[in-house]
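Protein chains: 2
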Amino acid sequence: MSICEVLRIGHRPERDKRITTHVALTARAFGASRIYLSNPDSRVIKSVEEVVDKFGGDFSIESTPNPKKVASSSNLLIVHLTMFGLPIDTKVEDIITEGRDILFIVGAEKVPAWVFELSDYNIAIGNQPHSEVAALAIAMNKLYPNSYNTEFDGKLSVIPSATHREMKDSS
Amino acid sequence: MSICEVLRIGHRPERDKRITTHVALTARAFGASRIYLSNPDSRVIKSVEEVVDKFGGDFSIESTPNPKKVASSSNLLIVHLTMFGLPIDTKVEDIITEGRDILFIVGAEKVPAWVFELSDYNIAIGNQPHSEVAALAIAMNKLYPNSYNTEFDGKLSVIPSATHREMKDSS
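So the protein lines, in turn, are chains A and B. Residues 5 to 175 in our numbering are what the first sequence spells out, letter by letter. Residues 5 to 175 in our numbering are what the second sequence spells out, letter by letter.
Hints are supplied without guarantee of correctness; some may be wrong.
[To be verified] To be clear about the criterion: a stretch of chain A counts as covered by chain B if any three or more of its residues have a C-beta under 8 Å from a C-beta of chain B, and this derived list gives those stretches: (1) 30–44; (2) 47–57; (3) 89–101; (4) 118–131; (5) 150–159.
By construction, these hints were calculated from the structure, which means they are not laboratory data. Every value quoted in this text rests on a predicted model; they were computed, and no experiment measured them. Even glycine gets a Cβ: it sits at the ideal position worked out from N, Cα and C.
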């Protein structure tokens with residue numbers, strides 16, 4: 005699988021703490037290698053690092069004082085997920101054809117204009133308001149099918165079951 | 005498209021306000037007709053009803069004092085989304101073959117045992133911890149492909165664009 009990273013824009017620590025945590029955990033579970041947060045938030049970083057510590061994988065989370073610089077200095081293909089963008093199903097083949105590693109940008113409520121301008125693709129998962137978590141999951145699933153089935157090497161792992169909750173702890 | 009509904013279990017108003025709002029908006033945007041919340045939360049209901057008022061569609065949100073009764077008295081096929089379940093890709097054809105309308109159950113951190121017992125399918129979108137918002141989006145997308153492209157009849161609608169934010173207001 006290609007490398008992909010996520011840049012989370014406009015994170016407001018009090019309001020967005022749990023949504024940003026879900027964005028980060030979705031990024032990890034669907035195969036991203038890193039997420040950048042536009043504002044420092046030690047609680048989000050701690051929650052995500054605890055999951056990595058228990059469940060494994062090679063995923064990093066860091067805050068950046070300058071998200072615009074992260075985007076403008078990145079040599080990855082920039083795909084901004086926004087309800088205002090073009091329908092993903094009209095663009096997914098083009099994105100795959102580019103054959104490049106991807107930096108996804110996901111915003112909180114309203115992103116600054118530079119995000120639209122710097123992005124190679126402004127892409128919508130439908131044009132209704134819903135969730136950056138849902139948008140990231142669908143976009144990653146379309147670009148990296150079944151990546152959520154990746155096995156990690158963690159101390160903890162789930163034993164899939166039709167009927168109950170079961171985990172293996174190899175620590 | 006079949007009817008589907010969502011039951012949100014274990015909603016804790018302070019902690020889960022925004023995640024539950026994202027679950028509800030994802031349910032609406034991906035084609036569900038209704039969401040039940042396991043605990044009353046007027047702020048979540050207000051946020052979701054404002055979106056329905058502006059963007060249209062026929063989606064309702066209500067709280068229920070007894071989520072177990074909603075599930076046990078439902079005649080819909082019950083699909084519980086959980087990281088402990090069986091991989092969705094091994095079950096999606098079976099679920100489609102059932103040809104029934106679906107009640108999705110999505111929990112907060114830990115759901116009571118009755119959810120596993122009452123559900124017809126306990127299904128995982130990968131077995132890593134991530135997000136009930138991501139899980140619902142992927143499950144709905146697999147069962148109702150492209151349902152997120154449904155057009156609503158709202159006063160507000162987005163004009164999809166490769167470069168900028170644009171809305172039509174027909175109110």
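Hints, verified against the model:
Beta-carbon proximity to chain B at under 8 Å applies to 4 residues in the stretch 30–44 of chain A; the threshold of 3 is reached and the given coverage holds. Here the stretch 47–57 of chain A counts 1 residues with a CB under 8 Å from a CB of chain B, which misses the bar of 3, and the coverage is violated. Remark: the stretch 89–101 of chain A is confirmed as covered by chain B, as 4 of its residues place a Cβ nearer than 8 Å to a Cβ of that chain, reaching the required three. With a cut-off of 8 Å between beta carbons, the stretch 118–131 of chain A has 8 residues touching chain B; three or more are needed, and the interface restraint holds.
Counting residues of the stretch 150–159 of chain A whose CB falls under 8 Å from any CB of chain B gives 5; the rule of at least 3 is met.
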